[in-house]
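Number of protein chains: 2
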Amino acid sequence: MSEYPVIRFPKPPVIHSYAGIAGEKEGAGPMGHYFDRIIPDPSFGEASWERAESRLQQEALALALQRGGLQASDLDCIAAGDLINQCTVSSYAAKGSGVPFLGVFGACSTMAESLLLSGVLAASGACRYAAAVTSSHNSTAERQFRFPLTYGGQRTPTAQWTCTAAGAAVVSAQGTAPRILGGAFGRILDLGVTDATNMGAAMAPAAADTIARYLRGTQTKPSDYDAIVTGDLGAVGTSLLFDLLGRDGFDISGVHLDCGAMMFDPDTQDTHAGGSGCGCSASILCACLLPALSEGRMRRILFAATGALLSLLSSQQGESIPGICHLAELAMPEGGAVC
Amino acid sequence: MSEYPVIRFPKPPVIHSYAGIAGEKEGAGPMGHYFDRIIPDPSFGEASWERAESRLQQEALALALQRGGLQASDLDCIAAGDLINQCTVSSYAAKGSGVPFLGVFGACSTMAESLLLSGVLAASGACRYAAAVTSSHNSTAERQFRFPLTYGGQRTPTAQWTCTAAGAAVVSAQGTAPRILGGAFGRILDLGVTDATNMGAAMAPAAADTIARYLRGTQTKPSDYDAIVTGDLGAVGTSLLFDLLGRDGFDISGVHLDCGAMMFDPDTQDTHAGGSGCGCSASILCACLLPALSEGRMRRILFAATGALLSLLSSQQGESIPGICHLAELAMPEGGAVC
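Chains as they are written, first to last, in the numbering used here: chain P, 2 to 340; chain X, 2 to 340.
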């Protein structure tokens with residue numbers, strides 16, 4: 002297959018402000034102290050889990066706007082998505098805002114997709130401020146994709162835990178905040194994995210493809226980055242990613258982080274292969290990675306969120322699971338703080 | 002609410018090539034002679050309806066590429082979406098192509114959303130060629146959103162018929178084909194309609210909002226356009242649209258077309274309020290409207306596809322139906338043929 006060009010912004014857009022929030026289990030994990038807010042009540046006081054997840058998006062966006070000194074009416078677009086059928090969590094979250102809405106779907110890769118898209122919209126002048134917003138909720142996703150919540154089925158060792166979390170990032174054409182230098186929309190790779198409890202294996206080939214393409218396209222090497230962050234490959238997928246990139250001549254083990262592996266403590270939180278869900282990488286990006294860039298603890302990273310593009314129906318029909326990985330390169334402007 | 006700016010391309014991207022295809026029932030209707038191909042077998046020789054719908058997308062894109070003298074590898078991005086849970090129809094359709102994939106969701110407004118987005122991607126230089134692809138299939142959508150196909154439930158007079166159809170448009174930065182002069186991503190409006198068999202009523206407020214905003218934003222009037230084309234409001238939604246725009250001081254009745262109303266013969270095809278589905282407006286855009294622009298039978302149109310952002314779960318939970326309408330202004334370059 003031919004090599005697709007990567008996106009490089011001649012005038013990089015900036016991530017003006019951001020916020021990442023999470024539920025109680027996520028808040029009790031290693032990332033807990035980073036989150037801008039922890040929501041102890043999984044129902045967020047709402048009548049349905051779906052409404053609760055919409056509230057997560059609204060809350061993350063409200064915090065991001067507040068920190069950026071903005072109001073919802075300053076946004077020209079909200080680019081948002083989630084795991085729930087027809088992205089209703091995102092559209093119900095945005096409908097009260099009155100802001101133009103762009104529904105996107107990339108499963109757990111959605112934050113990288115909406116962030117890069119917001120970058121294109123802001124850099125091209127189509128939007129002054131565009132917000133990328135993404136969420137997941139354990140109680141909406143698990144019952145939709147796998148089993149009824151009260152069923153109590155045994156989870157396999159490769160299974161990941163859908164995070165209850167959301168992230169929001171407001172992108173604009175200029176400023177001094179972390180910039181989106183470029184990125185790549187991912188290709189869909191499907192190597193025939195049919196086990197819906199082994200997402201890491203389904204997504205690893207796509208992650209390897211996009212990361213290798215970006216490194217080649219930018220003529221950079223893994224050590225040029227403070228971190229190459231994948232979305233939620235978890236323990237199983239990470240090991241496969243290293244193998245696949247190794248065959249391409251790239252060793253990223255020294256700079257690799259995986260949001261799925263970072264979210265929970267494997268010894269005490271019993272989440273098997275780690276966290277997953279659009280909100281997993283989105284909340285860690287917005288609560289941990291972007292602050293690290295802003296504060297000079299990191300200078301330049303690749304944010305490569307991965308998604309498994311399956312549905313309950315496609316699983317039931319025996320279809321294999323296509324994986325995708327969208328990538329955004331994030332950096333502080335030249336002359337910014339160094340870690 | 003404040004007035005959001007519309008998008009105007011300083012250097013308008015062009016719709017390099019396009020194709021619209023449809024199923025047998027759609028082919029037997031008033032639009033039948035426009036379609037580039039009619040697929041008589043609703044299963045398209047595949048083992049599932051979902052695979053058949055993926056084939057519709059692949060076929061429409063293959064035709065559009067062929068007409069444009071392109072190959073899939075010339076595309077830098079496929080922006081695609083559909084009505085099916087997790088947009089699996091689109092991702093399964095695209096996965097074999099190896100082209101970077103951007104999943105979008107706007108329900109039946111998806112073609113306008115992906116077309117405008119492809120315009121932004123091409124105009125900004127992020128992509129050389131970007132394809133907007135959308136489909137729907139009666140047999141995938143009806144069983145997912147309403148009743149099992151063999152149930153034989155009575156349809157209400159306001160019900161619309163999900164079309165089996167697909168459209169594909171390849172967008173690039175320059176050329177002599179119809180141009181995308183600008184557009185607007187829609188805001189979500191929800192006036193409390195909870196009847197999932199009355200989509201027209203749920204979507205009309207959003208259509209009125211986006212069309213009025215675009216007319217004000219561009220300081221144009223309805224008579225400046227050869228047609229203002231809505232997606233699939235059908236008979237009920239169209240009447241509401243005229244009322245709502247009338248209150249805003251716009252009378253579009255002289256130039257209005259609705260793809261949902263155009264698709265079927267109300268006297269002989271028994272589809273009640275008309276056609277619907279992402280493929281309805283996408284196939285008519287690509288098989289009828291774009292050729293009319295290319296051949297000089299039309300000069301300048303607004304393509305305003307509407308979507309109802311509901312899911313089966315949101316309906317079951319008693320949630321009302323949010324509507325959205327994305328819009329793209331399409332025109333032949335100055336000096337092109339006049340109708």
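The hints are simulated quantities; they were obtained by calculation from the structure and are not laboratory data.
Just so it is clear, the structure is predicted and the values come from calculations on it, not from any experiment.
Treat the hints with care, as some may be off.
When chains are identical, the list treats them as one kind, so a pair holds in a single copy or across two.
No farther apart than 25 Å at their CA atoms in a straight line, the calculated lysine to any residue pairs in the SDA-like style are these [said to hold, decoys possible]:
#, residue 1, residue 2
1, Lys12, Arg129
2, Lys222, Gly99
3, Lys96, Thr195
4, Lys26, Gln155
5, Lys12, Leu182
6, Lys222, Arg301
7, Lys96, Arg147
8, Lys12, Asp42
9, Lys222, Thr157
10, Lys222, Arg156
11, Lys96, Leu241
12, Lys12, Ile39
13, Lys222, Gln270
14, Lys96, Thr198
15, Lys26, Gly297
16, Lys26, Leu245
17, Lys222, His273
18, Lys96, Gln145
19, Lys26, Gln317
20, Lys96, Leu245
21, Lys12, Ala174
query: What label fits Lys96 with Leu241 when the C-alpha limit is 25 Å: within, between, both, or neither?
result: Intra 40 Å, inter 20 Å, cutoff 25 Å: inter-copy only.
Copy assignment of Lys96 with Thr198, given that the CA separation must stay at most 25 Å: Between copies only: 21 Å across, 33 Å inside.
query: At most 25 Å between C-alpha atoms: does Lys12 with Ala174 qualify within a copy, between copies, both, or neither?
result: So Lys12 and Ala174 pass the 25 Å test inside a copy (8 Å) and across (19 Å) alike.
query: Is the C-alpha distance from Lys26 to Gly297 at most 25 Å within one copy, between copies, in both cases, or in neither?
result: neither (29 Å within a copy, 61 Å between copies)
message: For Lys26 and Gln155, with the copy left unspecified, which applies at a CA distance of at most 25 Å: within, between, both, or neither?
response: This pair counts as within: shortest intra-copy Cα distance 19 Å, inter-copy 47 Å.
message: With identical chains, the pair Lys222 and Arg156 could be close in the same copy or across copies; at 25 Å between alpha carbons, which is it: within, between, both, or neither?
response: neither (38 Å within a copy, 60 Å between copies)
- prompt: Taking 25 Å as the upper bound on the Cα-Cα distance, should Lys222 and Thr157 be classified as within, between, both, or neither?
  reply: neither (36 Å within a copy, 61 Å between copies)
- prompt: Taking 25 Å as the upper bound on the Cα-Cα distance, should Lys222 and Arg301 be classified as within, between, both, or neither?
  reply: This pair counts as within: shortest intra-copy Cα distance 12 Å, inter-copy 49 Å.
- request: State whether the alpha carbon distance between Lys26 and Leu245 is at most 25 Å within one copy, between copies, both, or neither.
  value: neither (32 Å within a copy, 47 Å between copies)
- prompt: Is it within, between, both or neither when you check Lys12 against Leu182 at 25 Å Cα-Cα?
  reply: both (8 Å within a copy, 23 Å between copies)
message: Reference check for the pair Lys222 and Gln270, CA-CA at most 25 Å: within, between, both, or neither?
response: neither (35 Å within a copy, 61 Å between copies)
Within, between, both or neither, where Lys96 and Arg147 count as close if Cα-Cα is 25 Å or less: Intra 28 Å, inter 23 Å, cutoff 25 Å: inter-copy only.
Figure legend: structure checked against the earlier numbered hints; hints not met, in rising order: 8, 9, 10, 12, 13, 15, 16, 17 and 19.
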